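**Student:** Below, each chain spelled out in residue letters.
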Amino acid sequence: MSHDWEIVAGLEIHAQLQTKTKAFCRCPNLYGADPNTLVCPVCLGMPGALPVLNRETVSQAARLVIAVGGTIHLHSKFDRKNYFYADLPKGYQISQYDEPFSTGGAVRISAGGQEKTIRITRAHLEEDAGKSMHLDNGASVVDMNRCGVPLVEIVSEPDFRSAEEAGAYLTVLRELLRFIGVCDGNMERGSLRCDANVSVRPRGSHDLRERTEMKNLNSIRNVERAIEAEAERQIAIYESGGVVHRQTLQWDDQTDELRPMRVKEGSDDYRYFPEPDLVPLELETEFVEATRRAMPELPQSRRKRYREEFGLNDEAVYFLATERRLSDYYESLLDGKRNPVSVAGWIQGEVQRLLKEYGWEIEQFPVGATRFGALMDSVDKGSLNRNSARDVLRMMLSDDRDVDSIASELGFGVKQDDTQLAEIIDQVVTSSPDEFERYRQGKKNLIGYFMGQVMKAAGGNANPKLLQKLLAERLERE
Amino acid sequence: MPLLIPSPETLRRNPEKLPEAVAQSLALARANRHLGAFIELLDERAGVSCGEVMARIRKGEELPLAGFIIAVKDNISIKDVPLTCGSRILDHHPATFTATAVERLERAGAIVIGKTNLDEFAMGSSNENSSFGPARHPLDDTRVPGGSSGGSAVSVAAGWCHAALGSDTGGSVRQPAAFCGIVGLKPTYGRVSRYGLVAFGSSLDQISPFAHDCTSAFEVLHAMAGADSHDATSAHVKVPECEVLSLPKNKLRVGVVREFVDHEALAPSIRAASREVCDALTSAGHTLVEVSLPTAKLAIPVYYIVATAEASSNLARFDGARYGKRSADATDVNSVLELSRGIGFGPEVRRRIMMGTYVLSAGYFDAYYRTAQKVRRLIKEELQAVLAQTDVLLTPTTPSTAFRIGEKVDDPVAMYLSDIFTTPANLAGLPAVSIPWRSDESGLPIGMQLMANYFDEELLLSAGMELERLRPGV
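As you go down the protein sequences, you meet chains A and B in turn. Take the first sequence: its position 270, counted from the start at 1, is 270 in this note's numbering, and no numbers get skipped. Count along the second sequence starting at 1, add 478, and that's the number in this note's numbering.
No lab work stands behind these hints: they were computed from the structure. Heads up, some of the hints might be wrong.
[Claimed, not checked] What follows is a set of in silico ranges between Cβ atoms, one per label pair, in the way DEER data are often shown:
#1 A:Asp-98 to B:Glu-540: 44 to 52 Å
#2 B:Lys-557 to A:Glu-282: 32 to 40 Å
#3 B:Glu-540 to A:Ala-369: 52 to 60 Å
#4 A:Glu-289 to B:His-714: 21 to 29 Å
#5 A:Gly-359 to B:Thr-809: 47 to 55 Å
#6 B:Ser-707 to A:Glu-309: 44 to 52 Å
#7 A:Leu-74 to B:Lys-557: 37 to 45 Å
#8 A:Ala-236 to B:Asp-810: 29 to 37 Å
#9 A:Ala-374 to B:Val-715: 54 to 62 Å
As the structure is a computational prediction, the values presented were derived from the model and not from experiment. Even glycine gets a Cβ: it sits at the ideal position worked out from N, Cα and C.
Build the full structure now, drawing on both the sequences and the hints.
**Tutor:** Set out below in structure tokens:
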């Protein structure tokens with residue numbers, strides 16, 4: 001892109017909340033069911049049906065706002081956004097217009113090697129519409145399962161100066177939504193959707209020029225590509241002396257092209273007015289505070305701690321502080337006392353391997369933190385070596401006895417006993433007279449050979465430190 | 479007009495007579511089909527409910543509405559029963575669920591015999607805007623019974639039913655009650671769940687009973703009132719414990735609204751009747767207090783802005799896409815919507831949708847909708863202030879008695895003025911009742927309206943009972 005121009009972009013994110021039921025009725029909020037099976041008179045807009053707000057919707061929205069540091073309004077209200085479309089069964093969408101759920105908040109991103117804060121203007125609650133599909137035979141069909149699924153629309157300030165920044169913001173926000181468990185962030189399925197408002201201006205200028213809106217950006221990559229392409233298009237228009245008109249464009253991910261959707265004349269007239277079927281949403285300070293107290297420590301803070309206090313490397317930091325359950329599992333394994341680097345090694349190594357092998361998510365991993373912790377402690381104490389511990393761990397997946405019982409059943413009788421080990425050493429030394437002789441004559445590195453032999457004879461279950469000490473004593477003995 | 483079927487008390491004492499009474503009620507409605515009261519009679523369903531009610535009575539269940547034979551306005555849903563709202567756009571649409579109010583009445587033992595005629599989507603004051611033809615006044619079939627709940631009013635006034643449900647958005651129950659000489663009670667907004675009532679003006683609508691007297695209106699209200707988890711605007715206010723209405727325990731302070739009793743549009747007979755009521759109340763030892771509601775004269779324009787704005791949005795769902803009438807000429811998604819709505823809605827509904835769309839449009843919103851909401855608040859405050867000094871307010875229910883069919887159809891504004899005394903209660907959300915007083919020189923009933931404070935239907939109706947006691951010739 002030409003260096004004389006600068007992008008000014010803002011994003012509107014729609015996040016589907018992960019409530020059990022829809023926002024205003026008791027239908028399940030699920031993706032992927034057969035069309036029109038998760039519907040009722042309320043979400044189908046049958047005559048006489050009325051919406052009733054689901055508390056969990058409010059609760060999840062509150063967590064979202066707290067996570068981005070916004071201010072939850074103790075009073076907000078619902079409005080109707082009126083427009084006709086076949087997938088909008090009531091002919092209006094329940095949304096929030098001039099008294100939104102929250103204002104303010106920000107997200108820290110890093111792009112182009114620099115840290116930056118993207119300000120959030122507001123977040124409001126609304127309901128999703130159904131899904132229209134146009135068939136090859138010219139017919140249009142509608143799936144209403146999505147109608148009434150709770151959405152939070154998060155509107156950013158026009159703080160983006162590059163497509164990369166927009167991508168970084170989406171990445172951070174998506175991660176955050178997933179981390180606090182309010183949205184699965186699946187852009188392909190549409191549980192997270194992004195519209196971008198884009199304008200350009202000569203670098204150094206501070207005025208805002210006409211913007212265009214882009215809809216249907218269904219991946220982070222497409223958000224970046226669309227912003228890039230639209231900026232180029234606008235620059236080309238300005239440079240050839242033209243004028244950019246306000247319009248809505250649609251990103252076609254088949255052809256990687258922007259196509260105009262409709263010309264906006266001024267702005268669409270949605271005839272917003274207060275939703276008379278719902279009472280205003282009044283929240284107690286106590287509800288907000290309780291929600292705040294129940295918030296988990298967020299990824300950015302965990303990362304800082306893992307890096308600075310635990311001394312984990314970047315890869316481990318990212319790995320262990322991105323997915324909530326994994327991160328919580330890690331912390332419960334640490335239990336405030338175990339070595340963070342060693343525990344991280346276990347999770348990144350053996351646990352990952354097992355998860356992959358069995359196709360499990362972390363929450364399906366059957367070895368709880370207490371038992372796994374005991375296993376790690378055995379290794380640290382030296383009573384089990386790492387390889388044996390791996391075998392024990394594998395056994396623990398389907399066997400809920402304690403570590404010692406499994407270890408001894410596997411034949412990893414913990415050879416802590418000096419006499420027992422001393423006997424094995426004695427046998428090995430006696431049965432290798434040549435090597436013993438050469439050792440005595442000065443080939444001290446033969447101790448490695450003896451170590452190996454004893455370990456083999458002990459079935460790999462000797463405490464290496466103890467073994468080395470006893471072996472040295474035996475070999476040096478007159 | 480006398481009740482032509484046995485009274486609820488009789489039927490309660492002799493439940494074996496219920497099937498015959500239900501059959502009688504249905505037969506009367508059928509024999510008087512020319513009055514256009516019913517859109518659909520539910521013989522089979524009524525028979526089934528009748529059997530259930532008798533079985534429950536035999537089991538010794540206490541059913542507060544046992545013996546009540548009722549009719550339901552056809553903008554209130556009953557599962558699997560066609561729901562027309564008096565409109566072509568809801569052709570062949572069986573309702574998918576039952577309204578909470580109906581469910582509660584049936585649980586209390588009431589038997590529904592049919593769905594009654596109405597102005598299309600409850601928009602009208604004469605029942606002439608129905609795609610099923612007008613309902614007619616039971617005393618003079620050249621006259622309107624009032625609207626929009628005309629059919630329900632006729633079913634009770636003609637003596638075929640003990641009570642009926644209507645919906646009152648700006649007077650749609652009180653005005654036909656006054657025209658037909660029966661009691662029409664609009665409860666406090668939120669008192670009765672709106673779940674299952676097809677919305678016209680959601681912030682004004684309230685399911686409302688017609689009955690022969692205040693006592694039975696109270697019984698019906700009692701059975702259907704109370705919070706409903708399906709309606710966020712239903713009030714969590716305790717329903718009065720008392721199930722039987724009695725006369726006022728104390729002498730009443732009755733506020734007489736100066737602007738209304740002297741209103742220039744008032745017919746002389748109604749003006750005279752208002753004076754009689756005042757005299758009767760004074761003679762009975764009640765205190766009259768003259769009160770003023772200067773802003774109330776704006777109630778009609780405010781009402782027609784708020785109600786049409788909400789209606790324009792509420793009626794957007796009737797688009798032919800999922801249910802109801804779909805134009806055969808439609809070729810794509812947009813034409814399904816446009817053409818179906820064009821052929822489905824009648825002229826008054828189209829007019830109100832256009833008015834409502836206009837007042838919500840960008841550039842007009844502040845001048846109309848926002849201003850109307852401000853004035854609405856003033857009207858409400860004014861009424862609250864006046865009710866703080868009085869027990870009830872007294873006004874005529876309507877400026878005239880029942881007018882002739884066709885008399886006002888070409889003058890919508892004249893028609894809208896029928897609601898002049900009734901709309902303030904809807905705008906403020908207050909309970910109000912129309913009580914028949916006497917008939918005018920042509921034998922047409924005159925109704926008087928009482929308003930009371932929020933959720934005080936008990937006081938409202940006991941004051942109504944006092945009017946019934948003082949009624950001339952009783």
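**Student:** Are any of the numbered hints broken by this structure? If so, which, sorted upward?
**Tutor:** The structure breaks none of the hints.
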